[in-house]
Amino acid sequence: MKEITAMSATAVAKKIKEKELSVLEVVEAQLNAIKEREPLYNSYITITEKEAREQALLIQKLIDDGSLKDSPLAGVPVAIKDNICTKGIKTTCASKMLANFIPSYDATVIQRLKNAGAILLGKVNMDEFAMGGTTKTSYFGEAKNPWNPKHTPGGSSGGSSAAVAAEEAFISLGSDTGGSIRQPAAYCGLVGFKPTYGTVSRYGLIPLASSLDQIGPLSRNISDCASILEVISGYDPKDETSIKQVRYTYREALVDDVSNMKIGVPKLYLEEDLDKDIRDCFMGAIKTFEDMGAKVEVFDLDEISYSVQAYYVISCAEASSNLSRYDGIRYGHQAGDYDDLDELYKISRAEGFGYDVKLRIMLGTHMLSSGNYEKYYDKARRIRSLISRSYEDAFKKYDIILSPESLTTAPLLKSKNSPSTKKHRSEILNCSVNLAGLPAVSIPCGIDKKGLPIGLQIIGSLFGEKSLIQAAYSFEQTKPYERPGTLID
Amino acid sequence: MKINNDIFNNILNMVKLSCTEEEKKQLIKDLNKLVGFIDTMSELNTDNVEPMTYIHSTRNVYREDIVNDSKEDHDIHANALEIKDGYYVVPRILE
Numbered sequence: 001m002k003e004i005t006a007m008s009a010t011a012v013a014k015k016i017k018e019k020e021l022s023v024l025e026v027v028e029a030q031l032n033a034i035k036e037r038e039p040l041y042n043s044y045i046t047i048t049e050k051e052a053r054e055q056a057l058l059i060q061k062l063i064d065d066g067s068l069k070d071s072p073l074a075g076v077p078v079a080i081k082d083n084i085c086t087k088g089i090k091t092t093c094a095s096k097m098l099a100n101f102i103p104s105y106d107a108t109v110i111q112r113l114k115n116a117g118a119i120l121l122g123k124v125n126m127d128e129f130a131m132g133g134t135t136k137t138s139y140f141g142e143a144k145n146p147w148n149p150k151h152t153p154g155g156s157s158g159g160s161s162a163a164v165a166a167e168e169a170f171i172s173l174g175s176d177t178g179g180s181i182r183q184p185a186a187y188c189g190l191v192g193f194k195p196t197y198g199t200v201s202r203y204g205l206i207p208l209a210s211s212l213d214q215i216g217p218l219s220r221n222i223s224d225c226a227s228i229l230e231v232i233s234g235y236d237p238k239d240e241t242s243i244k245q246v247r248y249t250y251r252e253a254l255v256d257d258v259s260n261m262k263i264g265v266p267k268l269y270l271e272e273d274l275d276k277d278i279r280d281c282f283m284g285a286i287k288t289f290e291d292m293g294a295k296v297e298v299f300d301l302d303e304i305s306y307s308v309q310a311y312y313v314i315s316c317a318e319a320s321s322n323l324s325r326y327d328g329i330r331y332g333h334q335a336g337d338y339d340d341l342d343e344l345y346k347i348s349r350a351e352g353f354g355y356d357v358k359l360r361i362m363l364g365t366h367m368l369s370s371g372n373y374e375k376y377y378d379k380a381r382r383i384r385s386l387i388s389r390s391y392e393d394a395f396k397k398y399d400i401i402l403s404p405e406s407l408t409t410a411p412l413l414k415s416k417n418s419p420s421t422k423k424h425r426s427e428i429l430n431c432s433v434n435l436a437g438l439p440a441v442s443i444p445c446g447i448d449k450k451g452l453p454i455g456l457q458i459i460g461s462l463f464g465e466k467s468l469i470q471a472a473y474s475f476e477q478t479k480p481y482e483r484p485g486t487l488i489d
Numbered sequence: 001m002k003i004n005n006d007i008f009n010n011i012l013n014m015v016k017l018s019c020t021e022e023e024k025k026q027l028i029k030d031l032n033k034l035v036g037f038i039d040t041m042s043e044l045n046t047d048n049v050e051p052m053t054y055i056h057s058t059r060n061v062y063r064e065d066i067v068n069d070s071k072e073d074h075d076i077h078a079n080a081l082e083i084k085d086g087y088y089v090v091p092r093i094l095e
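Chains P and B, in that order, are what the protein sequence lines are. All residue numbers in the first sequence are consecutive under the working numbering, ending with 489. All residue numbers in the second sequence are consecutive under the working numbering, ending with 95.
Treat the hints with care, since some could be wrong.
Claimed, not checked - Mimicking BS3-like on lysine-lysine, the simulated pairs with C-alpha atoms at most 25 Å apart in a straight line are:
1) P/K96 / B/K2
2) P/K358 / B/K29
3) B/K25 / P/K358
For the record, the hints were derived by calculation from the structure and aren't laboratory data.
Whenever a hint applies, use it, and build me the whole structure from the sequences.
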């Protein structure tokens, strides 16, 4: 089983294409791995065993007749974060509110994956409504980090990261609003890619914050990421915030060359309270890029100091608006006992939402309310302009920007989750990227003394995915993927 | 301004939620912590800066005025608790 499930998506697709493996063999190996490991990691909310086997046979026929010869993902099993709609398959957002919700349509990204011959294995665990950084808020129980199950796999795409690191899927899709792909990727030793806002259609992504959300992949190497990005990217008339681009040939950027690449490192990040191992690893990564011929320079990016405050206001304001649709009538949890319509709404929502969701939608509504709108929401949008402009200026000088992906490695599951200064500071590494709509990738760059992975974040200019992929690919040649030593074989 | 009991109840009503006394105490505490943190935004001068919502330019979106039968796409009633004659059933609103 390990010989198959430990491969990269690119490698398994090649073996399927060259008829060394059948799609059904790969799917069976993957389902066996899930059966063995799920009791330990709880990565999945729904496993679509029957559908995956049926799809495997259909896809094998299409591969054999040549219909999928140009697809990089033909026959590859993938896991999908449970906030992305899948027709006929429960899509819960890890919430009691949607515990029995079955979409009657596929998200655009799902349709594209199906057209490319990918096999859906199931829906993976997450923080409730994508609000959180640990997956502890999931109604279906926390997921665990395959590197050390006492630690969180991160969030909100924690199930996505745990599944791929535990070899329960070759690739997964997550969503990123303020770091929710990149941070879990870093915690689990994976590559996690957030594309430029507007690159991937959000049609069928159950929204958290509509001006920040993007769907993206988590994988064991950058080549797999580039392949799935090619499949899922593209203008979609059903999502008019998606942008028409000329080409999406990201695999062309898998080139080992950063000579003369100009790299900026914001001084602000070097002054953060980083764990020592993370700081050493980050400085080591800078040196690696310099040794490979890139020019690295520290520069001021002080305007992003207020990113987290602006992010909280904007994301919670948009979330409170997006979650107002859950009224217990058209879909979702409905209270059993109420006197009138007002009570139906209030009790259904109180019963359906967890604590963190309630906190955020209340904060968001408060920020938007009369007397507060200008002081908070408008102010945050002005800060967003400043942040966006600062990055724009920075990218006139630099091709990419480097930062650590987080201040710490994966915390213990039993650590407290309440708002704190350190938690706010750790979000500064991620959320300014979403506010500016930029692409960013987290790649593994080392292991700390506790044996937990450390991530490096590379940020690109708007639509600068290719520079990110090239930089990540070059770095990866010096630090190939490491498998968690704790996996049962 | 700190969130007191009255402000909290007003927000609770606006978001159409209810909560226990224990939850209320914790929510007020956590909300005030977050608001205290967010209040530091005022330290940054944003005079003459235009507010920004979308990264890319905003534009109106038009399509050809052709009728699509949206029932072909998906069944919007599929997850409702109760449907009658194509309508969602709700508690009585008018006396």
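How the hints compare with the structure:
1. About 31 Å separates the Cα atoms of P/K96 and B/K2, which puts this hinted pair outside 25 Å; it is violated.
2. Pair hint P/K358 plus B/K29 holds up; C-alpha atoms about 13 Å apart against a cutoff of 25 Å.
3. Between B/K25 and P/K358 the CA atoms are separated by roughly 13 Å; this keeps the pair inside 25 Å, and the hint holds.
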